[in-house]
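Asker: Sequence:
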Amino acid sequence: MITNICKPRTNVTDEDLARMKSGNFDGLPREAQCFLNCVLVSNKWQNKDNTFNEAASLAATKMLPEKYHTEAKEVISICKDSAKSLDDKCVSATEISKCFFDNSDQIRKFVS
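Just so we're aligned, residue 93 is where the sequence shown starts under the working numbering, counting upward by one.
Note that these hints are calculated values from the structure, not bench results. Computed from a prediction, not measured in an experiment: that's the story for all the values here. Just so it is clear, CB atoms sit at the ideal spot from N, CA and C, and this is done for glycine as well. Honestly, I wouldn't trust all of these hints.
[Said to hold, decoys possible] Quick list of simulated restraints, FRET-style, between CB atoms:
hint, residue 1, residue 2, range
1, 176, 115, 17 to 27 angstroms
2, 158, 122, 34 to 44 angstroms
3, 158, 103, 32 to 42 angstroms
4, 170, 141, 34 to 44 angstroms
5, 158, 135, 13 to 23 angstroms
6, 154, 121, 26 to 36 angstroms
[As the list claims (entries may be wrong)] Straight-line C-alpha distance at most 25 angstroms; calculated DSS-like pairs for lysine-lysine:
hint, residue 1, residue 2
7, 99, 159
8, 99, 113
9, 136, 176
10, 176, 165
11, 190, 136
12, 136, 113
Start from the sequences and build out the full structure, keeping to the hints where you can.
Answerer: Spelled out as structure tokens, the structure:
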């Protein structure tokens, strides 16, 4: 599981994981932001230039149950340009992750 890989790499705390799981992305420490980068990069959802990898994300929707395809594609479309802080991979990953959490009922249900 990616959490088992990214948690020790970034030293994110359980408290910060719980904060993110509840949708609280404001003021996250660097370790938590870099955890999100590790998760996105591990899934190929964040490019080397710190932008969101729309193509890889769309390809990943095929692994979801069909009932989630429409919402997943809509959220990908909404969030494709959500990374604004392209000079910082961890902040960029946080922007992408927050967009997905804020715009997907299924993600909120899945992580809660």
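Asker: Evaluate each hint against the coordinates.
Answerer: Hints versus structure:
1. 176 to 115: 17 to 27 angstroms: holds (19 angstroms)
2. 158 to 122: 34 to 44 angstroms: holds (38 angstroms)
3. 158 to 103: 32 to 42 angstroms: About 38 angstroms separates the Cβ atoms of residue 158 and residue 103, which means 32 to 42 angstroms holds.
4. 170 to 141: 34 to 44 angstroms: At 20 angstroms between Cβs, range violated.
5. 158 to 135: 13 to 23 angstroms: The hinted range 13 to 23 angstroms holds for residue 158 and residue 135, with Cβ atoms some 20 angstroms apart.
6. 154 to 121: 26 to 36 angstroms: holds (35 angstroms)
7. 99 to 159: violated (31 angstroms)
8. 99 to 113: holds (14 angstroms)
9. 136 to 176: The hint holds at about 18 angstroms.
10. 176 to 165: holds (21 angstroms)
11. 190 to 136: holds (17 angstroms)
12. 136 to 113: holds (21 angstroms)
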